[in-house]
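Visitor: Residue strings, one per chain:
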Amino acid sequence: DVKVTQSSRYLVKRTGEKVFLECVQDMDHENMFWYRQDPGLGLRLIYFSYDVKMKEKGDIPEGYSVSREKKERFSLILESASTNQTSMYLCASSFPLLQGATNEKLFFGSGTQLSVL
Amino acid sequence: GENVEQHPSTLSVQEGDSAVIKCTYSDSASNYFPWYKQELGKRPQLIIDIRSNVGEKKDQRIAVTLNKTAKHFSLHITETQPEDSAVYFCAASRGSYIPTFGRGTSLIVHP
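Protein chains in written order, with our numbering: chain U, 49 to 165; chain C, 2 to 112.
Calculated from the structure, these hints are not laboratory results. Every residue gets a Cβ at the ideal spot worked out from N, C-alpha and C, and that includes glycine. Be a bit skeptical, because a hint or two may be false.
[Said to hold, decoys possible] Beyond 12 Å from chain U on every Cβ pair, some chain C residues (computed):
| # | residue |
| --- | --- |
| 1 | G17 |
| 2 | K23 |
| 3 | T25 |
| 4 | D28 |
| 5 | K43 |
| 6 | L47 |
| 7 | D50 |
| 8 | E57 |
| 9 | Q61 |
| 10 | R62 |
| 11 | T70 |
| 12 | A71 |
| 13 | H111 |
[As the list claims (entries may be wrong)] Lysine-lysine pairs mimicking DSBU-like chemistry, simulated, CA-CA at most 30 Å apart:
| # | chain 1 | residue 1 | chain 2 | residue 2 |
| --- | --- | --- | --- | --- |
| 14 | U | K103 | U | K66 |
| 15 | U | K66 | C | K23 |
| 16 | U | K153 | C | K23 |
| 17 | U | K103 | U | K119 |
Taking the hints into account, I'd like the entire structure generated from these sequences.
Guide: Next comes the structure, spelled out in structure tokens:
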């Protein structure tokens, strides 16, 4: 069974701190994603990556950056945390259709609830 | 880009009733429509999906229908049970691996 692991379930940081959210998947998936989940706003895509060292902006990239140095690991970085970045952050991964996947199913991590004070 | 609207935002039913959640999409080239279920405190998980070459798909008590002409698709849950209580997300994508999600529907099933 696919496992997507996020390093922290809960995180409390102060305004202005640099924050790292880590995500690791164990199924050799090419694609990895970072979403932000807020009540009433659904799942909004921050960044995604379809290969090592590759990254693409999603719908709300402002204030965030990402790093993918290894295939299994995708990190989300908040350069200078602000209170409006308090949210649930979900990592996901998937296997590209071109490599034989039968659908574009996303496998999600359990999420990191980040509070910025 | 794709825009997915999902209704209602909250749905409250009695156990045993049916529940229907509706989504519309804007990009006529979208061809893959998954539904994810997120129980309280847990990760979203795919429960059913449909492709544009199929009008309906069933899996036990859940079914999804697709109307390509009207650009809408729906999730139907029959004989609802308390364990169906969750947030449901619809999504649409056009063959790439980046779905656009609806805002979610909170389904509450009262015993």
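Visitor: For each hint, tell me whether it holds in the structure or not.
Guide: Hints versus structure:
With a cut of 12 Å on Cβ distances, G17 of chain C stays outside the contact zone with chain U, its closest approach being about 28 Å. Separation of K23 of chain C from chain U is adequate, the least Cβ-Cβ distance of about 15 Å exceeding the 12 Å criterion. The claim that T25 of chain C lies off the interface holds: its Cβ sits roughly 14 Å from the closest Cβ of chain U, which is beyond the 12 Å cut-off. No Cβ of chain U approaches the Cβ of D28 of chain C within 12 Å, the least distance being about 15 Å, so the stated non-interface status holds.
With 12 Å as the threshold on Cβ separation, the claim that K43 of chain C sits away from chain U is violated: the shortest Cβ distance comes to roughly 7 Å. Here L47 of chain C does not stay apart from chain U, with its beta-carbon only about 5 Å from theirs, under the 12 Å limit. Its closest Cβ contact with chain U, about 6 Å, brings D50 of chain C to no more than 12 Å, contrary to its assignment away from the interface. With a least beta-carbon separation of about 17 Å from chain U, E57 of chain C lies farther than 12 Å from that chain, consistent with its non-interface assignment.
For Q61 of chain C, the condition that its CB be more than 12 Å from all CB atoms of chain U holds, with the nearest at approximately 18 Å. With a closest Cβ-Cβ approach of about 20 Å to chain U, R62 of chain C is found to remain outside the 12 Å limit, as its non-interface label requires. Non-interface call for T70 of chain C relative to chain U: holds, since the shortest CB-CB distance, roughly 23 Å, exceeds 12 Å. At the 12 Å boundary, the C-beta of A71 of chain C stays outside the reach of chain U, the nearest C-beta of that chain being 22 Å off.
No beta-carbon of chain U comes within 12 Å of the beta-carbon of H111 of chain C; the shortest separation is about 21 Å. Using a Cα cut-off of 30 Å, the hinted pair K103 of chain U and K66 of chain U holds, with the two alpha carbons roughly 20 Å apart. Proximity of K66 of chain U to K23 of chain C is assessed by CA-CA distance (about 40 Å); at most 30 Å being required, the pair is judged violated. A distance of roughly 20 Å separates the Cα atoms of K153 of chain U and K23 of chain C; the hinted pair therefore holds under the 30 Å criterion.
The straight-line distance between the Cα atoms of K103 of chain U and K119 of chain U is roughly 12 Å, inside the 30 Å bound, and the hint therefore holds.
Comparing the model with each earlier hint shows violations of hints 5, 6, 7, 15; every other hint is respected.
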